[in-house]
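Participant: Sequence:
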Amino acid sequence: MLRTHLKRGTEKWLHLTNLRCRSQSAAGKQCWKCSSSDINNTFFCASCGVLRETAEKEDYFELLKLKKDFNIDTLKLVQNYRHIQSMIHPDKFAQKSEHEKAIALEWSSLVNKAYKTLSKSIERGKYLLTLNGVTISEDNTSLDKEFLLAMMDLNESVEDAETADELKNIASNVSVNIEHLNLKLVQHFKANDLDGAKEAIIRLKYMNNIERTVKEKLLHLNLK
Numbered sequence: 057m058l059r060t061h062l063k064r065g066t067e068k069w070l071h072l073t074n075l076r077c078r079s080q081s082a083a084g085k086q087c088w089k090c091s092s093s094d095i096n097n098t099f100f101c102a103s104c105g106v107l108r109e110t111a112e113k114e115d116y117f118e119l120l121k122l123k124k125d126f127n128i129d130t131l132k133l134v135q136n137y138r139h140i141q142s143m144i145h146p147d148k149f150a151q152k153s154e155h156e157k158a159i160a161l162e163w164s165s166l167v168n169k170a171y172k173t174l175s176k177s178i179e180r181g182k183y184l185l186t187l188n189g190v191t192i193s194e195d196n197t198s199l200d201k202e203f204l205l206a207m208m209d210l211n212e213s214v215e216d217a218e219t220a221d222e223l224k225n226i227a228s229n230v231s232v233n234i235e236h237l238n239l240k241l242v243q244h245f246k247a248n249d250l251d252g253a254k255e256a257i258i259r260l261k262y263m264n265n266i267e268r269t270v271k272e273k274l275l276h277l278n279l280k
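In the working numbering, the protein residues as written are 57 to 280.
Hints are computed from structural coordinates only; laboratory data are not their basis.
Heads up, some of the hints might be wrong.
To be verified - If you anchor each label on the Cβ, the simulated ranges turn out as follows:
id, residue 1, residue 2, range
1, 251, 206, 54 to 62 Å
2, 157, 229, 46 to 54 Å
3, 239, 152, 19 to 27 Å
4, 165, 91, 39 to 47 Å
5, 268, 147, 33 to 41 Å
6, 176, 246, 25 to 33 Å
7, 191, 229, 40 to 48 Å
8, 216, 251, 52 to 60 Å
9, 200, 264, 14 to 22 Å
10, 239, 91, 28 to 36 Å
As the list claims (entries may be wrong) - Okay, derived cross-link-like pairs now, DMTMM-like style, lysine to aspartate or glutamate, Cα gap no bigger than 20 Å in a straight line:
id, residue 1, residue 2
11, 123, 162
12, 89, 154
13, 132, 118
Backbone N, C-alpha and C define an ideal beta-carbon position, used for all residues, glycine too.
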């Protein structure tokens with residue numbers, strides 16, 4: 057009994073592994089069921105209508121039917137996401153083959169990831185930079201020392217703050233800075249200034265971390 061259960065588990069794992077391998081090598085080129093190369097539809101085969109396999113790399117903007125731009129229509133993002141999930145959600149394939157269920161699961165997971173990435177300005181900006189071959193390292197050595205020193209001072213101010221009023225004052229200033237950086241980020245991408253966009257994203261990450269720390273400390277003070 058146990059041996060049979062383990063065998064079935066192994067067979068299912070091998071099936072999913074083979075699915076991923078086939079997806080990485082052949083997906084996006086032809087339909088896995090009818091071998092048609094007519095795949096104008098992102099998710100379904102234009103010839104036989106089955107859910108097509110995911111490709112090794114899917115463009116998040118194309119998946120969610122959005123223009124490849126930082127300044128996106130957030131309402132359209134939500135609407136497109138919900139519509140797509142209504143078509144490819146695994147529950148809709150409960151009566152299909154194990155292969156089709158696995159494909160639906162992969163699509164649903166991928167669309168969720170795409171939505172989460174594009175719905176947040178920093179993640180969307182980082183993704184756009186990645187598409188253009190620009191990466192953001194963890195050491196942030198590209199930032200000027202003046203900004204880094206200012207961030208150290210601001211962190212110390214948060215640590216030293218003892219009252220809610222002090223923290224709210226810091227939060228207000230941080231909020232203004234975040235709004236300014238978001239505007240700069242839009243401008244940098246509009247001008248195709250990728251280096252400027254990269255720097256703005258790094259600065260935004262610092263400011264967002266400080267804003268989160270302030271909110272946590274305010275919550276702690278209110279609970280006392």
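Participant: Go ahead and decide if the range 54 to 62 Å is satisfied by the Cβ distance of residue 251 to residue 206.
Facilitator: violated, 20 Å
Participant: Go ahead and decide if the range 14 to 22 Å is satisfied by the Cβ distance of residue 200 to residue 264.
Facilitator: holds, 19 Å
Participant: Given the hint that residue 89 pairs with residue 154, test it: the Cα-Cα distance must not exceed 20 Å.
Facilitator: With Cα atoms ~14 Å apart, residue 89 and residue 154 stay inside 20 Å; holds.
Participant: Look at the Cβ atoms of residue 176 and residue 246 and judge whether their distance stays inside 25 to 33 Å.
Facilitator: violated, 19 Å
Participant: Between residue 268 and residue 147, is the Cβ distance one that fits in 33 to 41 Å?
Facilitator: Given a distance of about 35 Å, which is inside 33 to 41 Å, the answer is holds.
Participant: Do the beta carbons of residue 216 and residue 251 sit within 52 to 60 Å of each other?
Facilitator: For residue 251 against residue 216, whose Cβ atoms are near 35 Å apart, the range 52 to 60 Å is violated.
Participant: Can you let me know if the beta-carbon spacing of residue 191 and residue 229 is within 40 to 48 Å?
Facilitator: violated, 30 Å
Participant: Using the beta carbons of residue 239 and residue 152, state whether their distance is inside 19 to 27 Å or not.
Facilitator: Given a distance of about 47 Å, which is not inside 19 to 27 Å, the answer is violated.
Participant: For residue 123 and residue 162, compute the direct alpha-carbon distance and say whether it is at most 20 Å.
Facilitator: Distance ~23 Å between residue 123 and residue 162 Cα, so the pair is violated.
Participant: For a C-alpha distance cap of 20 Å, please report whether residue 132 and residue 118 respect it.
Facilitator: Given pair residue 132, residue 118 holds - Cα atoms ~13 Å apart, limit 20 Å.
Participant: Does 39 to 47 Å hold as the CB distance between residue 165 and residue 91, or does it fail?
Facilitator: violated, 26 Å
Participant: Honestly, do residue 157 and residue 229 meet the 46 to 54 Å range at C-beta?
Facilitator: With Cβ atoms ~52 Å apart, the hint holds.
The earlier numbered hints that this structure contradicts are 1, 3, 4, 6, 7, 8, 10 and 11.
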